[in-house]
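For reference, the chains in residue letters:
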Amino acid sequence: MFEAFAIGFSSIFAVKALLLIFMGVAAGIVFGSIPGLTATMAVALFLPITFGMSPVEGMSLLIGLYIGGVSGGLISAILLKIPGTPSSIATTFDGHPMAQNGQAGKALGTGIFFSFLGGTISFLILFFISPPLAELALRFGPFEYFAIAIFSLTMIASVSTGSTVKGLMSGILGVILACVGTAPIDAFPRFTFGFYELDGGFSLLPALIGLFAISEILKAAERVYEVTEKDIQDYRIKGLGFSLKEFKGQIGNLFRSSFIGTGIGILPGIGGGTSNIIAYLTAKKSSKHPEKFGTGIMDGVVASESANNASVGGALVPLLTMGIPGDTVTAMLLGGLMIHGIMPGPLLFENSGDLVYGIFAALIVANFTMLFMEYFGMRIFVRLLKIPKHILLPIIISLCVVGSFGLNNRVFDVWSLLFFGFLGYGLEKWGFPLPPIILGFILGPIAETSLRRGLMLSEGSFVPFMTRPIAGAFLLVAILSVVMTSVGSKKRKPLKIDTDS
Amino acid sequence: MTSRKKDLMSGGVFIGIAVLIYIASFSIKKLFISRIGAAFVPQLAAIILLALSVLLIVQNLLKKEEPAEESTARKETMTTERKQVLVSVWSTIGLLLVYAVVLQYLGFILSTILYLFTQMIVLAGDKKRKYVTLVIISVVASTGIYALFVYGLELMLPAGILG
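Which chain is which? The protein sequence lines are A and B, in order.
Its first residue numbered 1, the first sequence is counted upward by one per residue in my numbering.
Its first residue numbered 502, the second sequence is counted upward by one per residue in my numbering.
Hints are not guaranteed to be accurate.
[Said to hold, decoys possible] Here are the simulated distance ranges between beta carbons: (1) B:ALA648 to A:PHE419: 22 to 32 Å; (2) A:ILE129 to B:VAL641: 28 to 38 Å; (3) A:LYS288 to B:ALA552: 41 to 51 Å; (4) B:ARG583 to A:ASP354: 54 to 64 Å; (5) A:GLY460 to B:VAL586: 54 to 64 Å; (6) A:GLU135 to B:ALA648: 41 to 51 Å.
[Said to hold, decoys possible] To spell it out: a stretch of chain A is covered by chain B in this simulated footprint if at least three of its residues, at any positions, have a beta carbon under 8 Å from a beta carbon of chain B; those stretches are: (7) 12-24; (8) 264-272; (9) 292-306; (10) 471-482.
Calculated from the structure, these hints are not laboratory results.
Predicted, not measured: the structure shown is a model, and the values here were computed from it.
Each residue gets a CB set at the ideal place from its N, CA and C atoms; glycine is no exception.
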């Protein structure tokens, strides 16, 4: 393993790769900190830049954006009381009260340092569980992949936003959109309505960029939020921002929140947007002084920030070992890898070990970069919060257009971009969550292909899907999770969470 | 619109979509007589979508009507501010459509300059319309992006009449 890491590090310790990581982290922090721009959007916009790079270089840039984007949200969460990304919603609960009590520097310092630690813990978990998991996944056949895809589809619906029914509907809609184009196995065209451009189906990139960037711009058109000088709290970070004694008091909280974050990251389709809130609520529940939460104590910031960064490592586990994205950003990374003809999955560890360990190394470097940039560059990032939105957002749209066009050099993909953008905006207006659409879009074809391959192997029998132990277990859990949430959702009031990280 | 009305409406729309997909799936060709062909997953998905839409509608019909406070509050807010929101959202949608159309004919640089300038005016609202600044930003951003991607990253972009 250490040998593999050495190879990984050597592949990114080149001037270009390191520069790309630094650039990625800096841009990620900017995207994360500006409300309305998210880590998902940052990765979507920078994807076209990676077309011409080597896979390791491209991934270095995207990993930097991912880590910077997830962490950057804490800046506006603490200083403005607006979460920069959904990953830092819970950071506002205690982070902003701390700032109002004159502890803005301490809140920022705590957020940055525990983001770093949460990330580190999750990367260690990723490094240790993904190689054996990939080895296990090598033995998976179509039966197992079908079951895992179905399990993943039900997971997102049951764990994510408000209404279970609406979540499932979004997921199914994604599956239907993915049916457009050539069918797997027998290659008959479906729902192309005479458009030859649709023979290959909708491309993943315009779909992702449309759903997560264009719809966001339309939302911004409703109310353009401008940050002015007096909105921003005064701050000054001294040292790390907190004392050694305070740090020791948070160790339990750190590990609990990081494990929650990593676990939620591993679950397909949900990431930092959900984990920060669950970690915050858990920290409050298990605290000796739950009444102090919300008044401005470190515990809340620690829980939220270590959990959201821990989701990064978690979300990469299913992506690298099985090719199933753990959240919306890893769905983008999947797209980024596929552009280079690399299909993530168990074989990735055998065929492109240098890339896998290059990604691992990039994670570590990007995490340290994030730590230093946020401690020492805070003034610059705060100043960038004041860029007028009416100038920034249109430029971002034209970059979306570049990204969609550049993929296949055809205007048709710009139309798909707009189609998905309008669709996403409309669905959000009607209260449907968007991440399940992407999950359905990616998992639908996996499920269908595995189903039909499996049926060819078993000569039309469904029995192996139930009797193969791993496949059967996943299907059972899938059914249970739908039944449990539909029973449970009647009793409890659903928590409104935006799961887009 | 209350969330109940939204749910009822979206449920209805999705029932329509499900039925359309189911009907359209009959025209998908089949290789041999088998239940699981190219049309199986679309049909299954359409049936599940139909069932979920019906469930959503039933759920909302069983739910009690939300208290009336929202409706009175809504009438008050359906003022100029709300109209402005509608205007800016719909003109953004319109601008995006026009952008995609002119992209083929005018090429990236010209159509992006036009798009950026008009979109910035729409988003800026009434107050801060500094036209000269916005024109300069549009031109610089558009040519800058073109130069970066075409010369720096060797990506193709529509050249149009300037090419």
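Hints and how they fare:
1. B:ALA648 to A:PHE419: 22 to 32 Å: 29 Å, holds
2. A:ILE129 to B:VAL641: 28 to 38 Å: 48 Å, violated
3. A:LYS288 to B:ALA552: 41 to 51 Å: 47 Å, holds
4. B:ARG583 to A:ASP354: 54 to 64 Å: 56 Å, holds
5. A:GLY460 to B:VAL586: 54 to 64 Å: Given a distance of about 55 Å, which is inside 54 to 64 Å, the answer is holds.
6. A:GLU135 to B:ALA648: 41 to 51 Å: 47 Å, holds
7. 12-24: violated (count 0)
8. 264-272: Contact hint for the region 264-272 of chain A vs chain B: violated, 0 residues under 8 Å.
9. 292-306: violated (count 0)
10. 471-482: violated (count 0)
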